[in-house]
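Colleague: The residues making up each chain are set out below.
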Amino acid sequence: MSNCEAIRELLVFHSEGVLAPENIRQVEEHLVSCAACREESEQIGRIRGWLKDPGLFEPEHDMAWDLLPEKLAGRVASLPSRRWNLTSLGLSRWARAVAAVAVLAGGLIWMMRLHAPRPPAGQVAQAGSGNAAFLDRVRTVYTREATVQYLDGCHALLLDLARAERKCDRNHFDVSLEIARARQLLQQKRMIDAAPNVPNLEQARSLCDDLERFLVNLSTSRECETGDALQLMERSIERGQLLLRIHVVSSDIS
Amino acid sequence: MRQVQQGDMHAYQEIVQRYQKKVYRVISTYIHNREDALEVLQDTFLKVYTARSTWESRFSFAGWLYRIAINASIDRFRRTDRGRTASLEDVMESQIHQSATVGASADPLGKLRGQERRRLLENAVRRLPQRQREVVSLRFFAEMKLEEVAAALDCPLGTVKSNLHKAVIGLKEMMLKQKGVLDYEQL
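In order, the protein sequence lines correspond to chains W and G. Its first residue numbered 1, the first sequence is counted upward by one per residue in the working numbering. Its first residue numbered 1, the second sequence is counted upward by one per residue in the working numbering.
Treat the hints loosely; a few may be bogus.
[What the hints assert, rightly or not] No more than 25 Å apart at the CA atoms, straight line, and that leaves these computed lysine-lysine pairs for BS3-like:
(1) LYS177(G) x LYS52(W)
(2) LYS47(G) x LYS52(W)
(3) LYS52(W) x LYS166(G)
Hints in this document: simulated from the structure, not taken from any laboratory.
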């Protein structure tokens, strides 16, 4: 490597000010005597100067920068909470009905056990396992029902999203209703997640998770979305074959 | 950021206020379309909030934030902007915007030259290989030190320096090729 080549390897770092003192001296001594390297150094310095230009990739002046923090804080506040509790769930009618059935069934079993004549000791374990099996069946029915309801809701939402026609203005579509429905479906999904695993529902679980990812994205969208953004969502639905998979999985469960 | 982790919305708004323009500049090195860049900017700050529990105080917040911004930009670029150059509409809009602002300038020719140079340099930055572009955008637009860039990109300082060297030389070469356009300005 010639002296000029070696010096040119250092010029960017020289202009960055990150060279060791001995290298700085070496570069500066060389630049005094070499016009070509001096020109190279000046060009590099000019590029660095231009890169530091605050006008480069400058945001448009007409953007409402002062409003963005507040707007984002509003969107963040409307995100569905990760932790679920009974007051924030806003349980829908079906969930309340299923929960009521489960509570009634539990109460009935408890009453029957309380008033039933005591069986011989050998039969106690058998009866206990019978009750557990019954509760398992209740849970299974609940989880299946909840999954089907969730998939139906998602199916209807995806179709409505593709048909979004309400316009905010010439270039934007109003998807506020779809966002609200997505948030409701996310709450249903949390109920399903909290339910115990049910055999033969693995495929449905995977699909529910895929739909959940889509719903999370939709729920954090703007109420007035561009046509491009809607097209992206549609492409995502197509890519994941979500509608087809919902149809297949729902038929399997039914 | 610790306050944000505890759900303090005022602290969150301060973070957005402080970083929004710098983050926008970094995103713009990937996303040409202004609307898309703004969407990625908002997605970045939403992600900062939703993933706030994953940030650890032993790491630089700025590095973590720009990593999110770069990942979101690359993701959006792959989905929408791959291979797309500025549309005629974008160019015309930019020219209309430029001529509108040039008219009001005290030195219209100088301002026009500055804008032309910026446009060429912006295009040149967008043509850099990804790693070099990351280093340049974090060093110059996010105004980070080289050590901070290395931490944000989770790579050795030597790699950052090497990429910075290649990037600056690459930009110089690309700008030299435009010397015909830049004949009024010595490079």
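Colleague: When you check the alpha-carbon spacing of LYS47(G) and LYS52(W), does it fall within 25 Å?
Modeller: 28 Å, violated
Colleague: Starting from LYS177(G), check that the Cα of LYS52(W) is at most 25 Å away, please.
Modeller: At roughly 21 Å apart (the allowed maximum being 25 Å), LYS52(W) and LYS177(G) satisfy the hint.
Colleague: Between LYS52(W) and LYS166(G), is the straight-line Cα distance small enough, at 25 Å or below?
Modeller: Holds, at about 17 Å.
Consistency with the previously given hints fails for number 2 only.
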